[in-house]
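In order, the protein sequence lines correspond to chains A and B.
Numbering of the first sequence is given in my numbering, commencing with residue 625 and proceeding in unit increments.
Numbering of the second sequence is given in my numbering, commencing with residue 61 and proceeding in unit increments.
Take these hints with a grain of salt, some might be off.
As the list claims (entries may be wrong) - DSSO-like mimics (lysine-lysine), calculated; alpha carbons at most 30 angstroms apart, straight line:
no., chain 1, residue 1, chain 2, residue 2
1, B, Lys552, B, Lys573
2, A, Lys772, B, Lys597
3, B, Lys307, B, Lys63
4, B, Lys225, B, Lys597
5, B, Lys531, B, Lys552
6, A, Lys772, B, Lys225
7, A, Lys772, B, Lys552
8, B, Lys225, B, Lys383
9, B, Lys531, B, Lys487
10, B, Lys63, B, Lys137
11, A, Lys772, B, Lys531
12, B, Lys157, B, Lys259
Said to hold, decoys possible - Cβ-Cβ distance ranges computed for the label pairs, FRET-style:
no., chain 1, residue 1, chain 2, residue 2, range
13, B, Thr358, A, Ser754, 36 to 44 angstroms
14, A, Ser754, B, Pro385, 39 to 47 angstroms
15, B, Ala332, A, Arg750, 53 to 61 angstroms
16, A, Arg676, B, Arg418, 42 to 50 angstroms
17, B, Ala332, A, Gly683, 17 to 25 angstroms
18, B, Gln84, A, Glu649, 53 to 61 angstroms
19, A, Gly776, B, Lys157, 26 to 34 angstroms
20, B, Thr358, A, Arg676, 28 to 36 angstroms
21, B, Arg126, A, Ser754, 40 to 48 angstroms
22, B, Asp65, A, Gly711, 28 to 36 angstroms
23, B, Glu328, A, Gly776, 55 to 63 angstroms
24, A, Gly711, B, Gly318, 53 to 61 angstroms
25, A, Arg676, B, Gln84, 39 to 47 angstroms
26, B, Gly562, A, Pro743, 21 to 29 angstroms
These aren't lab readings, by the way, just hints derived from the structure by calculation.
The model shown is predicted, which means the values in this text are computed figures rather than measured ones.
Every residue gets a Cβ at the ideal spot worked out from N, C-alpha and C, and that includes glycine.
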Amino acid sequence: MADPDATDTGGETLLRLRTDEVHDEPAVTLDAFLDGQTNATAVRLEAGDDARALLPRLGQLALVEISFPTFRDGRGYSSARILREAGFAGELRAAGDVLVDQLPHMRRCGFDSFAPQAPIDPDVLRASLSRYDHHYQRAADAAVPIWKLRHG
Amino acid sequence: MYKYDEYDQSMVDARVEEFRDQVQRRLAGQMTEDQFKPLRLMNGLYLQLHAYMLRVAVPYGTLDSRQMRMLAHVARKYDRGYGHFTTRQNIQFNWIKLADTPDILAELATVEMHAIQTSGNCIRNISSDQFAGAAADEVTDPRPWAELLRQWSTFHPEFTYLPRKFKIAVIAAPEDRAAMRLHDIGIELTERDGRLGAKIFVGGGMGRTPMISHEIRDFIGADDLLSYLEACLRVYNRYGRRDNIYKARIKILLHEIGADEYRRQVEEEFVAVKALGLDPPAAELERITAMFAPPPLTAEPVELDRSDPDFAVWLDQNVRPHKQPGHAIVTISLKLIGGIPGDASADQIDVMADLAERYSADELRVTHAQNIVLPHVAQADLPAIWQALTETGLAEANLDLISDIIACPGLDYCALANARSIPVAQKIATRFADLGRQRELGELKLKISGCINACGHHHAGHIGILGVDRKGTENFQLLLGGSGAEDVSLGKITGPGFSEDGVVDAIERVTDKYLEVRESGERFLDTYRRVGMEPFKEAIYG
């Protein structure tokens, strides 16, 4: 597992599990993407937005940012999986009330960058991301599920 | 019984270390209580009125003597010498110190136990039939399927911040002993064309808006089950309400969009999810099933000496036939007259562990009615078991009678409660203490909740009691006609509520009326369904 790269982007910390360059085009809203700014390469989804609305033009997107208004709102986990299951290979960023103990689950759902509104202790993050050697279920990451390890 | 392999063990061990780290960060002030709360809840740790409460998972209610002794040890070392068995087939310890919890979890992990997802807005402990593997009416043992679901739901990355808690029950018999239809998802295993599969019910639940689940799929094969459940949960995670905690359960989603629309969305999602290869191969269910192979039960049937009337009555009330001739299923009542329903002392827990090891193929079960089962007992051993139970005060012969009460912890412990459940339970049991009178009343399931959240299943009681707060005083509403069994129904409120003593009197008037109007062979519930509320209302309020 790659160690997260912390990038300082003007006051807000961005943690990335990707090695490519940070995409610098600002993200547009889903409505804007669907209605006017059809050439946009970055979209921001609110928690209640339907990620499937992006699928017809997923190929043109380099970045999808998914908002977590509160850490209790788990809709973004499903949005992330839907995008990855549809083959989205660009940057998938969790932004907002993103806490260190949630990052492992987010990563399994396909997020590969994080813009937490409060700073995250890098040591705690490293421990958190490497805590579990295995996982029971198949998800959107590359982890081989335990049943597969058992039966080949 | 299921035995952990290296993978299962590494999961619970890692969880202990993760929680140890989280507790340390909390105690060091690196996390707010608000941030810590969902983390501790997902380890079964609640902050109650007087202390922390730790809820330990007993997956599908099955445990062995070594695990049972560990519960006694936790009760002695970290609590006040008691444990409380719950309606979700788990056990709660009510007097826990936060700083001790990592050590408790570490001790539990040594016997393949944990407190994972016994709380929080995630998929909770999978519950099942307490007679699984022993009942004659099952099409298969449901527990291997429940274990498959336990693994699938453990640390599920997508479904850990659901709108609200999520409860799944699995049964495999026409007689529903697990209140399956009152779960967020109820699974009934069934056979079709020689193949086992699952009938899926969604949207049941109790709480302040009780609902009976809808059949969403009449058959899904084992090889598609997890994909189908992913689809069910994903639709809920995306569209379940998050604006109001009281409207966040999946039953409200089904109520608002309708079962047909929910089914349509799930089927659509299922098509997408099915292609992802989320389902383990058949070999995985076979691997698990092999561990639930029936124990060798070779005892011959015996004619028991029924000359001791106390023993005879216990045999008739608490012992059920086993599918293997010569054997029996024993239910140990944790409903002692005047006691706290579901409570057992550490010593009693040890005695039950000893009995299981010696007489019941080393197996115990926790029931959703807060009793303990010895599932595989030779008939010839019943006198010795009864003797041992009598000596430890656990031979109450009241299974399914009016004093076999389900009650939540209520205002004596719980921060949410409006009223005390335990004293009401104690008063009712004491009023009806005479066993002859209880047996005359026959099967009568009485369930008490100390608030509208319905942890005591009052909606599903033949007689239900709901404690509410009325202008600062405890008030008890009475409900009649509920059932959590295969004849599932929701109770109806009789009318204005009562004081603590008043509700006990009202119940007596209800049972008197039942005795007066019942027809031959009718249980209380049958009579209620035949004559309706009116005669009882008249008896209560005059």
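Against the structure, the hints come out as follows:
no., hint, verdict
1, Lys552(B) <-> Lys573(B), "holds (17 angstroms)"
2, Lys772(A) <-> Lys597(B), "violated (60 angstroms)"
3, Lys307(B) <-> Lys63(B), "violated (39 angstroms)"
4, Lys225(B) <-> Lys597(B), "violated (36 angstroms)"
5, Lys531(B) <-> Lys552(B), "holds (23 angstroms)"
6, Lys772(A) <-> Lys225(B), "holds (29 angstroms)"
7, Lys772(A) <-> Lys552(B), "violated (49 angstroms)"
8, Lys225(B) <-> Lys383(B), "violated (35 angstroms)"
9, Lys531(B) <-> Lys487(B), "holds (23 angstroms)"
10, Lys63(B) <-> Lys137(B), "holds (26 angstroms)"
11, Lys772(A) <-> Lys531(B), "violated (59 angstroms)"
12, Lys157(B) <-> Lys259(B), "violated (42 angstroms)"
13, Thr358(B) <-> Ser754(A): 36 to 44 angstroms, "violated (50 angstroms)"
14, Ser754(A) <-> Pro385(B): 39 to 47 angstroms, "violated (55 angstroms)"
15, Ala332(B) <-> Arg750(A): 53 to 61 angstroms, "violated (34 angstroms)"
16, Arg676(A) <-> Arg418(B): 42 to 50 angstroms, "violated (58 angstroms)"
17, Ala332(B) <-> Gly683(A): 17 to 25 angstroms, "holds (18 angstroms)"
18, Gln84(B) <-> Glu649(A): 53 to 61 angstroms, "violated (41 angstroms)"
19, Gly776(A) <-> Lys157(B): 26 to 34 angstroms, "violated (45 angstroms)"
20, Thr358(B) <-> Arg676(A): 28 to 36 angstroms, "violated (58 angstroms)"
21, Arg126(B) <-> Ser754(A): 40 to 48 angstroms, "violated (32 angstroms)"
22, Asp65(B) <-> Gly711(A): 28 to 36 angstroms, "holds (34 angstroms)"
23, Glu328(B) <-> Gly776(A): 55 to 63 angstroms, "violated (33 angstroms)"
24, Gly711(A) <-> Gly318(B): 53 to 61 angstroms, "violated (32 angstroms)"
25, Arg676(A) <-> Gln84(B): 39 to 47 angstroms, "holds (41 angstroms)"
26, Gly562(B) <-> Pro743(A): 21 to 29 angstroms, "violated (58 angstroms)"
Hint compliance for this structure: hints 2, 3, 4, 7, 8, 11, 12, 13, 14, 15, 16, 18, 19, 20, 21, 23, 24 and 26 are not met, and every other hint is.
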